[in-house]
Amino acid sequence: MNTPYSPKDIEKKWQEIWDAERAFEVGEDYSKPKYYALVEFPYPSGQGLHVGHPRPYTALDIISRKRRMQGYNVLFPMGWDAFGLPTENYAIKNHVHPKTVTQNNVAHFKAQLKSLGYSFDWEREVNTTDPEYYKWTQWIFLKLFKKGLAYKTQMPINWCTSCKVGLANEEVVNGKCERCGGEVVRKVKSQWMLKITEYADKLLEGLDHVDYIERVKVSQKNWIGRSVGAEVDFKLSGKEDVLRIFTTRPDTLFGATYMVISPEHPLVEKYKEEITNYGEVAAYREQAAKKSDFERTELAKEKTGVVMGGISAVNPVNGKEIPIWISDYVLMTYGTGAIMAVPAHDGRDWEFAKKFGLPIIEVVAGGNVQEAAFTDVETGKLVNSDFLDGLEVKEAKEKIIAWLTGKGIGKQKVNFKLRDWVFSRQRYWGEPIPVVHCEKCGYVPLPESELPLMLPEVDSYMPTDNGESPLAAMTDWLNTVCPCCGGPAKRESDTMPQWAGSSWYFLRYIDPKNKEAFAGQEALKYWLPVDWYNGGMEHTTLHLLYSRFWHKFLYDEGLVPTDEPYKKRTSHGMILGENGEKMSKSRGNVVNPDEIVAEFGADTLRTYEMFIGAFDLSASWSQEGVRGCRRFLDRVWKLQDSLVDGDGYRKELETRMHQTIKKVSLDFEALKFNTAIAAMMSLINDFYKAGKVTKGEFSTLLLLLSPVAPHMCEELWQLVGNAGRVYAQTWPEYDEAKTVEDEVEIAVQINGKVKATVKVGTEDAQEAAREKVMADDTVAGILSGKNIVKEIYVKGRIYNIVVK
RNA sequence: GCCGCAGUGGCGGAAUGGCAGACGCAGCAGACUCAAAAUCUGCCGGGGGCAACUUCGUGCGGGUUCAAGUCCCGCCUGCGGCACCA
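With this note's numbering, you'll find the first sequence wraps up at 786, consecutive numbering, no jumps.
Among these hints, one or two may not hold up.
In silico lysine to aspartate or glutamate, EDC-like type, Cα no more than 16 Å apart, as pairs [said to hold, decoys possible]:
no.: 1; residue 1: Lys564; residue 2: Glu520
no.: 2; residue 1: Lys92; residue 2: Glu187
no.: 3; residue 1: Lys620; residue 2: Asp668
no.: 4; residue 1: Lys389; residue 2: Asp215
no.: 5; residue 1: Lys497; residue 2: Glu430
Using C-beta positions, here's what the derived DEER-type ranges look like [unchecked claim]:
no.: 6; residue 1: Gln748; residue 2: Glu563; range: 53 to 61 Å
no.: 7; residue 1: Ala354; residue 2: Val736; range: 35 to 43 Å
no.: 8; residue 1: Ser604; residue 2: Val78; range: 32 to 40 Å
no.: 9; residue 1: Ile(-1); residue 2: Ala719; range: 34 to 42 Å
no.: 10; residue 1: Lys81; residue 2: Lys567; range: 20 to 28 Å
no.: 11; residue 1: Glu539; residue 2: Lys677; range: 50 to 58 Å
None of these hints come from the bench; they were simulated from the model.
Quick reminder that beta carbons are idealized off the backbone N, C-alpha and C, glycines included.
Let's have the full structure, built from the sequences with the hints guiding it.
Structure below.
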């Protein structure tokens, strides 16, 4: 009898041995094939590791360990996305420096991750709040600035009334702050913006050349939201000015019966004097401005609006004078902030027209436009449209665009939903923006030699009441000289958003200690692109898009060798509480990974999280399930007692061994860890049934299981007398020919129902199989006196006989 | 409303169009034990039958096929994301 399985003793021991042996340190031998496996680096929150974290980490740890065994030079790094609001809020509340909070949290996280035995190369750890790191974040910002991709503008921004911070559109969730849940309202502020829209086409096009799971691609495409339409100028009646609109349906131009502009449209201000009902217009505008984006869309069920008296537009195709309305269902942030309304063929316009009694003119036949807007673009034919009559929508579009272009009053235009990225935060705990403002020279970038521009010590981390960053109160720091003219100047007091540091961290891992550059060119050439990046679906449209944008920009600047950062992207599902709900303190269903490690061991936690269900779907935690995985590991451990001599596989188990190697090898690659583990469970069930296992069979099992349960496998590898370490062994090979049995049991169906099973040779042709099938008593009984109409034989699967 | 994902035993979940329910959990019975836990062995979708067996079963309604959880058409429910995008 051997000693019982005691993870507590084994796991610590092997973690220390791996450290001492520098087992997972990345080699600098660039002649070896490389593999770059990446997981999203965590935000080191005060709560410590959540059981959701180990799911993706274990998955790619398995891939990384397997790749090393396959002879690759593997980069599998870890770091900290440590700037951010929770740390700052904690600092404010408890009067501790955010740096100290971060240090403590990082230490805690790191100890927790280490206890799980991940094969991260900790020598390459990065931290976004380290000045040696954010120096390069600032450096990249300066590059963007110099290319005109960073600019400052007055923007109506989303303003969190609780955090007192401006938020990107993407950070507003249902009208609430994504971080704190506080109310978000609109507020005009001077903000730094990044022109991600300049890269919209490239970001879209690049998706065709990467191996991302389909739903990630679809989300990104929808987010970028490319649509092809036309811009058309409507002359204002009796004026020189035109009102420019964007439409995806220029073919319906003859059906435009009125125009709508957004309440913020500059036209209102410009013709203030001439608008006969300006009081009414101004009141409506004021009301709209008070509403948050959320309210504007919530209240949208009932359309509101006001007509602009005294000003009207002329439809360029037929010279008809049509009124201009103001309504908040038209957004200033999309297109030109103005539309032509075609109530017959647009749902929103139709609703609006019905409510305000505006005319509805059918220009595409096929529906009943008095009942509902007819929006089908496939079947309809143009009517009431002069020279477009009789054409299909697609043809009409082309013809009208050509006509408009010829007249110089319109042209084809591509629009995107994607908006520029609000890059300012009125916060302390972020990267300072390395720009000064000089009365004479405007916004001037700091010289690169002055980077990093360090965060100064401040007395209070509270944002000021007027919304300025705490840095604005630091006059010593704020007042400086202009790098351009030497005159007095002020530093930018806004800081960067958390997304900044995470937009390029995978580049720093490649060469984390480089003082001369964000990473050396030779190292970048070797390691890029990231071969496999796994992360949460929630980062698909924010982080993933932002980092692709920065990478493409760096590529255009000649600073990185690939135009896409990530070759392959996968996503994992969430781990829910035992009750099937999202884990949260308030629901009281949070599971602490430390407790699982203490009670069952890290290998059990790893195995369980991989066994819990399909990797890309969410799964509910089950303490009983954890116990089952521990039982599996116990059973593997106890196989020591059944060990017999023999380096090879016994004849009767040979096929099973090769099948299992194949299944595990392929399933790991497909992220089907649950079925890979199930296959190993089945294999040891066979070992138990046989009452013995050879050393060769057992060693192969250990190699297959080692990426999942590395500590136990190292221990057993040594205990059974194998030399070296499991992590340094070669991944087992299978022989395809040996994965197939000589004989298989196939089902015999008669009229599609299984009536019997017979044994046939795996390679039997139909004739040989037929003989065996017909020899079966049950089959013969059923067939007697019946007419065989058809016989279908699928090799090794089924024999179906159709009778009458 | 739009986009995406899912719906299979008591539960988590398996099934290149080819024997639905692998593997695990829970449950039941037995072995071991003074006893319990742990462990080991066996059973384990519903109805009917002493039984060999039979019949119904993958959210619902149709269809294609020798054969459908899987493919097609039309719905329903849940989860996630976006939301007046012209």
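| Regarding Ile(-1) and Ala719, is the given constraint of 34 to 42 Å on their beta-carbon distance met? | Check passed, 39 Å falls within 34 to 42 Å.
| said: Holds or violated: the 32 to 40 Å window for the beta-carbon distance between Ser604 and Val78? | reply: holds, 38 Å
| Is 20 to 28 Å right for how far apart the beta carbons of Lys81 and Lys567 are? | Given range 20 to 28 Å: holds, Cβ gap about 26 Å.
| request: Quickly compare the C-alpha distance for Lys564 and Glu520 to 16 Å and report which way the hint goes. | output: Given pair Lys564, Glu520 holds - Cα atoms ~14 Å apart, limit 16 Å.
| Is it true that the C-beta distance of Glu539 to Lys677 lies inside 50 to 58 Å, as the hint says? | About 57 Å separates the Cβ atoms of Glu539 and Lys677, which means 50 to 58 Å holds.
| Does Glu187 lie within 16 Å of Lys92 when you go C-alpha to C-alpha? | violated, 38 Å
| Are the Cα atoms of Lys389 and Asp215 separated by 16 Å or less? | With Cα atoms ~11 Å apart, Lys389 and Asp215 stay inside 16 Å; holds.
| query | Do the Cβ positions of Gln748 and Glu563 conform to the proposed distance bound of 53 to 61 Å? | reply | holds, 54 Å
| field | Given pair status - Asp668, Lys620, alpha carbons within 16 Å | value | holds, 14 Å
| request: Could you say whether the range 35 to 43 Å given as a hint is met by the Cβ separation of Ala354 and Val736? | output: violated, 52 Å
| task | Given the hint that Lys497 pairs with Glu430, test it: the Cα-Cα distance must not exceed 16 Å. | result | The given pair, whose Cα atoms are some 13 Å apart, holds under the 16 Å limit.
Consistency with the previously given hints fails for numbers 2 and 7, ordered from lowest to highest.
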